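On the provided structure of chain A, position chain B with the ligand as indicated by the hints.
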Amino acid sequence: MKHIDEYRDAALARSLAQHLAARVSRPWTLMEVCGGQTHAIARFGLDQLLPPGLTLVHGPGCPVCVTPLALIDAAIAIARREDVTLCAYGDMLRVPGTASDLLRERAAGRDVRIVYSPMDALALAEAQPDRRVVHFAVGFETTAPAHAMAAWQARRRGVDNFSLLVAQVLVPPAMAAILDAPDNRVDGFLAAGHVCAITGWGGYRELAARYRVPIVVTGFEPVDILRGIVSCVEQLESGQAQVENAYRRAVREDGQPTARALIETVFEVVPRRWRGMGTLPASGLALREAYAAHDAAKIFGPPAEPPAAAEGDCIAGEVLRGVRTPRDCPAFGRGCTPAHPLGAPMVSGEGACAAYYRYRRTPTTAVTP
Amino acid sequence: MCLAVPGRVEAILVEEPLARLGRVDFGGVSREVNLSFTPEAAVGSYVLTHVGFAIACIDEDEAAQVLAALAAATGETP
Ligand code: SF4
Chain A
1 MKHIDEYRDA ALARSLAQHL AARVSRPWTL MEVCGGQTHA IARFGLDQLL
51 PPGLTLVHGP GCPVCVTPLA LIDAAIAIAR REDVTLCAYG DMLRVPGTAS
101 DLLRERAAGR DVRIVYSPMD ALALAEAQPD RRVVHFAVGF ETTAPAHAMA
151 AWQARRRGVD NFSLLVAQVL VPPAMAAILD APDNRVDGFL AAGHVCAITG
201 WGGYRELAAR YRVPIVVTGF EPVDILRGIV SCVEQLESGQ AQVENAYRRA
251 VREDGQPTAR ALIETVFEVV PRRWRGMGTL PASGLALREA YAAHDAAKIF
301 GPPAEPPAAA EGDCIAGEVL RGVRTPRDCP AFGRGCTPAH PLGAPMVSGE
351 GACAAYYRYR RTPTTAVTP
Chain B
370 MCLAVPGRVE AILVEEPLAR LGRVDFGGVS REVNLSFTPE AAVGSYVLTH
420 VGFAIACIDE DEAAQVLAAL AAATGETP
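Respectively, the protein sequence lines represent chains A and B.
Heads up: the first sequence begins at 1 in my numbering, then just goes up one per residue.
Heads up: the second sequence begins at 370 in my numbering, then just goes up one per residue.
So here's chain A without its partners, still in its complex pose (with noise of 0.2 Å):
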């Protein structure tokens, strides 16, 4: 198809990698930040296309994998409730909470729908007046813009039984916290794509400058993530640190005026917890108050606080931080695998474990350290 078989030409490919053997003097170690990106990198084997030294490590860009215990436990007491539909996103539906998951509330009767969008759940809450209509709105700002329109509707058209429970996440914090962290190994950033299409490149200098690392927005296609690579790597090598668009076509500097302004209106900027990295300050966004009406947070109550152990001996933190990879965690492949995952990255097609376990149940040698 148009737009996506272009970039995917392995001559073009090969020869990007062969451009980046020539360049690379010295060890890096490059983080992709989306998981979108990382399950691509998986499928299509580009780090085994990668010179000896360069490392790619897998960043916190699933959304899934990041929402927080609490939120997966109360959208579970939410859905619990005989007035209430819950709409999710296919991928939320199997991630363990402390005691269940939405999969076997529906299986056991609770009115659990998947929607493609927030719309969806929206013309449902107007199709049954007289029941709840809850959407777990998780995300990045790649989402955000669809959750506010659906708020923003509901609000202007009245439909008072829609609320969302909003477990929106923004990236750059994470991107700073992961280069704050004692253990940090990351160089060079791919940015996300995606959340660069709706939130333009020009609010990453400021990350660049502060931290001096290259972060170079990165489309999704092979070609594409072998360009972010070899910009960064240039970057790197010659000792800049700059922001760089890789994926002009979809990204603009300023990107979407119309989305950002409708994410303003609804939403502010409020700290949140990310599983596996605590509570990162302005990392999140919540309902403002004029949505109140809409916000299952402040309806049904605020999230109450998991047991500590209830994340047992999922090492989803370091993974989602690129500390440490999915082949270090003793439960990889044994006891936690897609069919029985016992975190949220073996869960989301997005998730770096099940990236693993599907492209990559055995080592491989192509990548050292």
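No wet-lab data here; the hints were simulated from the structure.
All values reported here derive from a predicted model rather than from experimental measurement.
Note that CB positions come from ideal geometry on N, CA and C, so glycine has one too.
There could be a bad hint or two in this list.
Said to hold, decoys possible - Short, incomplete list of chain A residues facing chain B, as computed with Cβ under 8 Å:
(1) 3
(2) 85
(3) 149
(4) 194
(5) 198
(6) 200
(7) 249
(8) 256
(9) 279
(10) 281
(11) 282
Claimed, not checked - In silico negatives: residues of chain B with every beta carbon more than 12 Å from chain A:
(12) 380
(13) 381
(14) 384
(15) 392
(16) 411
(17) 412
As the list claims (entries may be wrong) - Pulled from the structure, derived: some chain B residues nowhere near chain A, Cβ distances all over 10 Å:
(18) 382
(19) 383
(20) 399
(21) 431
Frame of chain A; chain B with the ligand shown alone:
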């Protein structure tokens, strides 16, 4: 989840700010897509769609330039 799929706009169904709706073809499968955030998308444009919303209208000139530059570079690589 931030995956966004490219598709070609076949028709504009509703032309209203913040409720702009189109029909988009994804390699043979048609879907209604909210085009509120991509006012520049017209019939024939390619848009990237995520959870039912077009989040970007693909800039064909940029795409062509990059592919041409890459093709030239590939040709030169020994
Ligand atoms: S393999 Fe399973 S248990 Fe281990 S980090 Fe990944 S999700 Fe958690």
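Hints and how they fare:
The interface hint given for residue 3 of chain A is met, as the beta carbon of that residue sits about 4 Å from the closest beta carbon of chain B, less than 8 Å. At its closest, the beta carbon of residue 85 of chain A sits 18 Å from a beta carbon of chain B; the interface hint therefore is violated under the 8 Å criterion. Because the closest C-beta pair between residue 149 of chain A and chain B is about 7 Å apart, less than 8 Å, the hint holds. A distance limit of 8 Å between C-beta atoms decides the matter here; for residue 194 of chain A the minimum to chain B is near 5 Å, and the interface restraint holds.
For the restraint placing residue 198 of chain A at the interface with chain B, the shortest Cβ-Cβ distance is roughly 6 Å, inside the 8 Å limit, so the hint holds. For the restraint placing residue 200 of chain A at the interface with chain B, the shortest Cβ-Cβ distance is roughly 11 Å, beyond the 8 Å limit, so the hint is violated. The interface hint given for residue 249 of chain A holds, since its Cβ lies 4 Å from the closest Cβ of chain B, which is under the 8 Å cut-off. The beta carbon of residue 256 of chain A is positioned within 8 Å of a beta carbon in chain B (closest approach about 5 Å), and the interface hint is therefore held.
Look at residue 279 of chain A: its Cβ only gets to about 22 Å from chain B, farther than 8 Å, so that hint breaks. The interface hint given for residue 281 of chain A is violated, since its Cβ lies 23 Å from the closest Cβ of chain B, which is over the 8 Å cut-off. A least Cβ separation of about 20 Å between residue 282 of chain A and chain B goes past the 8 Å threshold, and the interface hint is therefore violated. With a least CB separation of 18 Å from chain A, residue 380 of chain B remains clear of the 12 Å interface cut-off, as annotated.
Annotated as non-interface, residue 381 of chain B keeps its C-beta farther than 12 Å from every C-beta of chain A; the closest such distance is 16 Å. Consistency note on residue 384 of chain B: stated as away from chain A, and its beta-carbon is indeed over 12 Å from all of that chain's, at 14 Å minimum. The Cβ of residue 392 of chain B lies farther than 12 Å from every Cβ of chain A, with a closest approach of about 15 Å, so its non-interface assignment holds. Every Cβ of chain A is farther than 12 Å from the Cβ of residue 411 of chain B; the closest lies at roughly 16 Å, confirming the non-interface assignment.
With a least CB separation of 15 Å from chain A, residue 412 of chain B remains clear of the 12 Å interface cut-off, as annotated. Every C-beta of chain A lies more than 10 Å from that of residue 382 of chain B, the closest at about 14 Å, which supports listing it as non-interface. Listed as outside the interface, residue 383 of chain B is consistent with that label: its C-beta sits roughly 13 Å from the nearest C-beta of chain A, beyond the 10 Å cut-off. The claim that residue 399 of chain B lies off the interface holds: its Cβ sits roughly 14 Å from the closest Cβ of chain A, which is beyond the 10 Å cut-off.
Some Cβ of chain A comes within 10 Å of the Cβ of residue 431 of chain B; the nearest lies about 4 Å off, and the non-interface call is violated.
Going down the numbered hints, you'll see the structure goes against 2, 6, 9, 10, 11, 21, while the others check out.
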